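Residue numbers (our numbering), protein chains in the order written: chain U, 750 to 888; chain W, 750 to 888; chain F, 750 to 888.
Calculated directly from the structure, the hints in this document are not laboratory data.
Note that the coordinates shown come from a computational prediction; the quantities given were computed from them, not determined experimentally.
All residues carry an ideal CB built from backbone N, CA and C; glycine is no exception.
Mixed in with the good hints there might be a few duds.
In silico lysine-lysine, DSSO-like type, Cα no more than 27 Å apart, as pairs [to be verified]:
| # | chain 1 | residue 1 | chain 2 | residue 2 |
| --- | --- | --- | --- | --- |
| 1 | F | K818 | F | K888 |
| 2 | W | K764 | U | K888 |
| 3 | U | K764 | W | K781 |
| 4 | F | K825 | W | K858 |
| 5 | U | K781 | F | K878 |
| 6 | W | K858 | F | K878 |
| 7 | W | K878 | W | K764 |
| 8 | F | K888 | U | K858 |
| 9 | W | K764 | F | K781 |
| 10 | W | K818 | U | K858 |
| 11 | F | K764 | W | K818 |
| 12 | F | K779 | U | K825 |
| 13 | W | K888 | F | K888 |
| 14 | U | K818 | F | K781 |
| 15 | W | K825 | F | K818 |
| 16 | U | K781 | W | K825 |
| 17 | U | K781 | W | K888 |
| 18 | U | K858 | U | K779 |
| 19 | U | K779 | F | K779 |
| 20 | U | K858 | W | K825 |
Covered stretches of chain U (in silico footprint by chain F; criterion: 3 or more residues with CB under 8 Å from a CB of chain F, positions within the stretch not fixed) [said to hold, decoys possible]:
| # | stretch |
| --- | --- |
| 21 | 803-809 |
| 22 | 837-844 |
| 23 | 858-870 |
Distance windows between CB atoms, simulated [stated by the list, open to error]:
| # | chain 1 | residue 1 | chain 2 | residue 2 | range |
| --- | --- | --- | --- | --- | --- |
| 24 | W | D768 | F | I762 | 40 to 46 Å |
| 25 | F | N856 | W | N830 | 20 to 26 Å |
| 26 | U | K781 | F | T783 | 18 to 24 Å |
| 27 | F | E813 | W | I855 | 42 to 48 Å |
| 28 | F | T863 | W | T824 | 23 to 29 Å |
| 29 | W | N784 | F | S857 | 19 to 25 Å |
| 30 | F | I762 | W | N771 | 32 to 38 Å |
| 31 | W | N771 | F | A807 | 41 to 47 Å |
| 32 | F | E828 | W | S758 | 29 to 35 Å |
| 33 | W | T824 | U | L826 | 37 to 43 Å |
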Amino acid sequence: MEIVNLNFSVNTISKSLNDITNEVYDYVGKSKITNGLCTLFIKHTSASLVIQENADPAVLRDIESFFTKLVSEDTKLYEHNYEGSDDMPAHIRSLLTNTNLSIPIINSKLDLGTWQGIYLYEHRSHGHKRQVTINICGK
Amino acid sequence: MEIVNLNFSVNTISKSLNDITNEVYDYVGKSKITNGLCTLFIKHTSASLVIQENADPAVLRDIESFFTKLVSEDTKLYEHNYEGSDDMPAHIRSLLTNTNLSIPIINSKLDLGTWQGIYLYEHRSHGHKRQVTINICGK
Amino acid sequence: MEIVNLNFSVNTISKSLNDITNEVYDYVGKSKITNGLCTLFIKHTSASLVIQENADPAVLRDIESFFTKLVSEDTKLYEHNYEGSDDMPAHIRSLLTNTNLSIPIINSKLDLGTWQGIYLYEHRSHGHKRQVTINICGK
């Protein structure tokens, strides 16, 4: 039984779901673990991790459109506006999605469904270099 | 220290929270692990996993009512409408809830609170056969 | 490889994010595990766990303000009102945030980002004694 933690970074595009599925597959492959669990953790509170449909890019645009409406950028609504109108909404969007994800590993592969991809969701108006830790536990 | 992954399927009822607590208890019991962690992962992006109150079924109806209002089925709001008006809302509801859950195992039992049940939340207008992977890690 | 579960309780302040970062750090330190994963699980469905910005307390007030607007306390909207107007909204807020969190442990420390704190989010109108289980797995 082994457990390993690795850090990697992702250069994001603003307000969009950045596909990191292949990077996570690569780390799982290199770990030599055949049966276990892969946990991802993002070290930020204005970007998050989600699993979503990977077939039609319109799904990702519709998600961003939904969050734009749900979480207003009207600064009058917030006390915390240090970094601009997208600052506090980014924290709220992060809260409504996930800081961590856990995905089983079976036969040395992530046990994702056919239409599932792993995304780093950038909630700020500018792209950032985001830090993610991957924890792989298993045999 | 052992780690095991098992797949099981759940036949869901449309737009409702389907109780899977007993099935998860059974898998934990059969694993013979007395102290550890149980992680559930759903292999879909239009159904999700949640832990909610198991005492009053009205809680589950109120949750569905909340999501019906929060995530509109007006197809004019979405680009992605291939599979009908419930398609994109199901992806968004899935995003706002969970694709995975982790629950401690103590004395061979899930360490749930008194009023907690585990539910597979079907977000589509029709029931489906949904695939779940259960990862059990411990001693 | 070790895996341990411990229970602890938190006395919360109503409708606020209660910082539990130091308590979690202490449990990780006492576990003597240098590299692994820490999973927190809350045994309630009207309070939840979140990771959020720990620098400006206004962020936490803005989050509470957002949820107050998003999840109405109008009892006419709900069937389940046994325990008052904050009862069903607390279940919904819990659903929109997290019942469990997983954070990597590296060099005997939680691998949180610089601005990340761990919070127990009390959604009821009165403070409660809340039960949390911490699972620590690693070497």
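Q | Violating hint indices (sorted, rising) | A | 1, 2, 3, 4, 5, 9, 10, 12, 14, 16, 19, 20, 21, 23, 24, 25, 27, 28, 33
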